[in-house]
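Protein chains: 4
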Amino acid sequence: MIVGIIGATGYAGAELIRLLALHPEVSGFALASVSFEGERIERLYPNLWGKVEAALVKPEEAVSQAQVVFAALPHGVGEPHAKACLDAGIPFIDLSADFRFDDDEATYTAWYGKPYAHKTLRSHSVYGLPELNRSRIKELAAAKKVIIGNPGCYPTGASLGAFPALAKGIAGPGTIIVDSASGITGGGRELSRAFHYPECADSIAPYKVGAHRHTPEIARNFAAMAARPVPVIFTPHLAPMNRGILSTIYIPLAASWRPKTASVGAPRPPTKEIEEKAAEIRRVYEDFYKDEPFVRVLPEGIIAASGRVRQSNFCDISIHLDQAGTTLVVVSAIDNMVKGAAGQAVQNMNIIFGFDETAGLKAIPALF
Amino acid sequence: MIVGIIGATGYAGAELIRLLALHPEVSGFALASVSFEGERIERLYPNLWGKVEAALVKPEEAVSQAQVVFAALPHGVGEPHAKACLDAGIPFIDLSADFRFDDDEATYTAWYGKPYAHKTLRSHSVYGLPELNRSRIKELAAAKKVIIGNPGCYPTGASLGAFPALAKGIAGPGTIIVDSASGITGGGRELSRAFHYPECADSIAPYKVGAHRHTPEIARNFAAMAARPVPVIFTPHLAPMNRGILSTIYIPLAASWRPKTASVGAPRPPTKEIEEKAAEIRRVYEDFYKDEPFVRVLPEGIIAASGRVRQSNFCDISIHLDQAGTTLVVVSAIDNMVKGAAGQAVQNMNIIFGFDETAGLKAIPALF
Amino acid sequence: MIVGIIGATGYAGAELIRLLALHPEVSGFALASVSFEGERIERLYPNLWGKVEAALVKPEEAVSQAQVVFAALPHGVGEPHAKACLDAGIPFIDLSADFRFDDDEATYTAWYGKPYAHKTLRSHSVYGLPELNRSRIKELAAAKKVIIGNPGCYPTGASLGAFPALAKGIAGPGTIIVDSASGITGGGRELSRAFHYPECADSIAPYKVGAHRHTPEIARNFAAMAARPVPVIFTPHLAPMNRGILSTIYIPLAASWRPKTASVGAPRPPTKEIEEKAAEIRRVYEDFYKDEPFVRVLPEGIIAASGRVRQSNFCDISIHLDQAGTTLVVVSAIDNMVKGAAGQAVQNMNIIFGFDETAGLKAIPALF
Amino acid sequence: MIVGIIGATGYAGAELIRLLALHPEVSGFALASVSFEGERIERLYPNLWGKVEAALVKPEEAVSQAQVVFAALPHGVGEPHAKACLDAGIPFIDLSADFRFDDDEATYTAWYGKPYAHKTLRSHSVYGLPELNRSRIKELAAAKKVIIGNPGCYPTGASLGAFPALAKGIAGPGTIIVDSASGITGGGRELSRAFHYPECADSIAPYKVGAHRHTPEIARNFAAMAARPVPVIFTPHLAPMNRGILSTIYIPLAASWRPKTASVGAPRPPTKEIEEKAAEIRRVYEDFYKDEPFVRVLPEGIIAASGRVRQSNFCDISIHLDQAGTTLVVVSAIDNMVKGAAGQAVQNMNIIFGFDETAGLKAIPALF
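Protein chains in written order, with the numbering used here: chain A, 11 to 378; chain B, 11 to 378; chain C, 11 to 378; chain D, 11 to 378.
Some clues are possibly wrong.
Because identical chains share one entry, a pair is satisfied inside a single copy or across any pair of copies.
[Stated by the list, open to error] Here are the computed lysine-lysine pairs in the DSBU-like style, where the Cα-Cα straight-line distance is at most 30 Å: (1) K61 - K372; (2) K148 - K282; (3) K282 - K155; (4) K124 - K282; (5) K178 - K154; (6) K154 - K282; (7) K270 - K129; (8) K148 - K61; (9) K300 - K129.
FYI, nobody ran anything at the bench for these hints, they're computed from the structure.
These numbers come from a predicted model, not from an experiment.
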């Protein structure tokens, strides 16, 4: 199968190449770039030297050669390519935000500043979080008309961390706070002061506090799973590391899930009852994800860490309670470039084509 | 003035040496260590070579030579030295948790596993957060009997970030969440798997979720400032950097401080009203800290970052609101080894002796 | 095929697991550890969770179950296991230094402080650098008696960088200087002050200057390729990164290979003649390695960097001349844990069993 | 004293501000920038907030207000400012390469691509390496006409590491190899792919091999000290750290300094004779630098490391011999932004004005 990648020279594009070059069903690439058309990918990414060597072509050319097209483009420019693929019956997997909001154009426009170019495409598009929408993806694929809105990196980690609590009534009313830290590849390949080594190394800081575009995407996923609106506060941080997203998610416990012994006065270390409640919730999570190939619910005593899913498509989840027993604290970890972007896109491709869902994604996390 | 440091070979001890060696009122050191007695400090810390060279003596010897004693010891072992200093009329500045809880021995014991050795010492001790207790420090100093319980690193950043909101009624009822990330010097000099380079570099993870000893200290400070109990959830993270603590603090807004335009439905980007409310709160913070030499309330558009207080005694604070207008999000940044430990201890020494409070602490943060 | 790994809990052992778990010919593991016998590998390495789960057994047990045995043990303790495997006709791939010196026990003993335990094993052992000894490896494998002395990390990068110059008479008489920097995984899993994050992050330093055990191994390889003794100076550095070895190798040019225009007086930027001479040498290197699957000779304008072979079995080589035209400067880059240890061991296994030499080693380097 | 800084917004400019703000003789700044004229320095560098706050003025304005002028400009544009200062009798300390080559305009032009703008300025300029030219600096200062060509970062570390060997006949004939690694601040504030975090973190690589502009500067210093031409090869590397330069310098020993026991055959660990010879050379170094306030010759057993001079003006030097006894291996470490740039410039200012040479430069290196 020939895979087309539009926007192949950005980091998500390059990561797609790295993963798909080893995919058992992929025989070749058609790599496209507007900015670097005519240049060679292995000159831009010398790490590919001798493994993937190709001249960059125009997007149209890539579409015409491919059996599946990935787009790793800026927001708001890919719809024409999506339309062309839809018309040609070729699956289109879009890593931008353009197909993440379905019919809710108002929310998309409020955060991304543009209307949809082709509204009708949304009747063939689906938000590509397999753990949420696997059956819908298959349905569209069966109809030979499928556009994937591949999820944002932060929403992937946040959603997988909160889903069981939302689906099973563990989450009570009240705001869920998602506090996340991302590695610097999350900022992409474009040069920027924020990603200039001396200004981000050895330092951590939030950005776009109360104003990040992934907030509505997270809220949308939470609401879909809880079948009710869920207030969300989301704060992204930039951490001095290459890869990974670690989300610490604070979920108010439903009354029925709170430990019976109320905490009063000064905080005390967690009681046995609190640990047992955490264990009970952990079992709910394990059960919820028991058939998911890429979600690992960690046992008691192991806390999710971004470095332990490095280079893999896993989402690791660990379950905790605050010492007062009012709040579920879920920690989720993904590799932002894999499960948070290119890996999840490949997972979607696998689902669409009926391949083993883990094909090309079997890498074991490298501890270092 | 001769300064005694007990526990001089740990990281906090070494940082005290680095700062005090340039203090205009300090003429020499008496450095003590139980584990390394007889060895030379410049062999253990070759960065001191040619600047501070001394053999390590017994604690008792250091006490006998010094006009002020700092103790950078593990929790639960320093009280005899405190007593000796008190009896001798020498100020004792303790960087452990032993004097952070005043009369509340029950909380101390619950978290640190020991009773007080000498309860009565607490009538001469004070929690040494100058922004909270400056006048009490001076009072005890005037009486020539003063023990400082130097604050924990996380509680310093968390408390300074929340104090104005707590004091001025901006914080409403409800739990305050403190989500913090620390550099790895926070773990100290002792070898540990968690701090072995390949296992913490390029990764971020929380630890002791719902169970960190700084939780009661933070809650205590919040309650002191709010004059009411304040529920607190605190999650520390280990970030791949040498120094710094960044705290993102989620404070439910009191009804009177909420923007009037309620948010309903899917999240929208922050409105002008939200930004104005943030500006109003920022002014409260600026006013609250206007006489504090080490707290910088950052202007709109600049977000606190741990790397911008590096090697300094500053606490930087930036003020934000979530997009729905329900929650104040305060970001505070300190250098965990300076304002979070040794620098604050020096600040306490300056207050005790009536020196310029910034003496020895004038370093401008290094951006890198 | 069941693979036995003795010393499975060290970093090289863990990296073997990571690579071999995806090897097409490997069906299972027998993992052994003396220190952690009875514990579970996925508890020690939670990154393996859900992928490789096994209790650690005794070395003898692993040997009895396996069709091939890897030993990732300290130097000087593995010979009994090698003998057992030899007797049983099972290939033994040793990642320690015990089988790197063939008959030259004197050199081994001078640097490693021990005599050989079973001298006669050396008639069935070979230094497992495939680019040097591939045919001998096959020969021993054909005889069903084969012990591999898997090369040291530094010697691998240094040797591959210098081999064509030594074989083709480009290197003249005089000392070759190998100046290398390694990531901190090179120090292994054992805790040590040198690898405590705050003391190695954001800093670079050499260690064991003029005294590193890889010196005789490098010299031995150089001599083997040049068919004459070659004086070598080797300086290893510790660089603040997880993986990778970068070697900058200074090779005095044979008179016949020097640019004709002699340089006199103050240095001048490189001339066109110097660049042409470098290009000529680059062609010799390309030709020398044209059939090697894991050596990439980089084109003009691309300099080898450790980060561009990350997680792969490649050795990247770039060719340069000093501005005076007297010295060939070769830069080689490997991943110390892959081509420098576990990957090369797998490559040796592939050769022994007649598998595709790249089986299990096809990973494309991750740029980040 | 009012200090003028032209080019205040680059990293060297910012570091000058950080250091000079605490200098006891400095009362204020006149900060100039062409690119950012009219903007405020504390907005560009929020780490300065509340400590140094100023609008950026035109260079001419800064010159007119100042008693001393530092220029941290690109090469080839500062001479007019130097001339203006010279005419006004104001010391001009230039951090570019424009005044590092004295009369040797040919070498300057060959490497920097421009002729001198005002040749005659060189009769009042001096290469500002105090350890080489302190008396000449004082002479020019006494004449009230002084331009300092502040040394390059690499040449500072390389020169101080080699000077005693060159001056005392320890270095024999033959090429000296300087293999250096720099932190990424060495690349300055301007955005560049090479300094984009994901592409330089966790990786090390050389750059400009055989072609770096600091080569002629190093050669010039070596020749000045040895009073003969000294062939030099210099290779700079970029290491994943913020600050610091570590140079490993290979100096062929003069015959008279070689250990008597010749090494033959395979390398052996260093003998006692080799260690004694190293100790002898170490004593020569100690004696050579005994009056230098910023050079530390480290004792046996301590190897220079870039992280141990962090934030200080020290140059640390450690002395080693290769195991064969043919080559002196000197390791030198500086902070590239301090002794390698701004700190050395301040040191020059101190000499010019007759201040304590360590004024403003007393910082003790931070281990982390």
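Cross-check of the supplied hints:
{"no.": "1", "hint": "K61 - K372", "verdict": "both (19 Å within a copy, 9 Å between copies)"}
{"no.": "2", "hint": "K148 - K282", "verdict": "neither (44 Å within a copy, 43 Å between copies)"}
{"no.": "3", "hint": "K282 - K155", "verdict": "neither (53 Å within a copy, 42 Å between copies)"}
{"no.": "4", "hint": "K124 - K282", "verdict": "between (52 Å within a copy, 20 Å between copies)"}
{"no.": "5", "hint": "K178 - K154", "verdict": "neither (34 Å within a copy, 59 Å between copies)"}
{"no.": "6", "hint": "K154 - K282", "verdict": "neither (54 Å within a copy, 45 Å between copies)"}
{"no.": "7", "hint": "K270 - K129", "verdict": "neither (51 Å within a copy, 34 Å between copies)"}
{"no.": "8", "hint": "K148 - K61", "verdict": "between (32 Å within a copy, 27 Å between copies)"}
{"no.": "9", "hint": "K300 - K129", "verdict": "neither (37 Å within a copy, 53 Å between copies)"}
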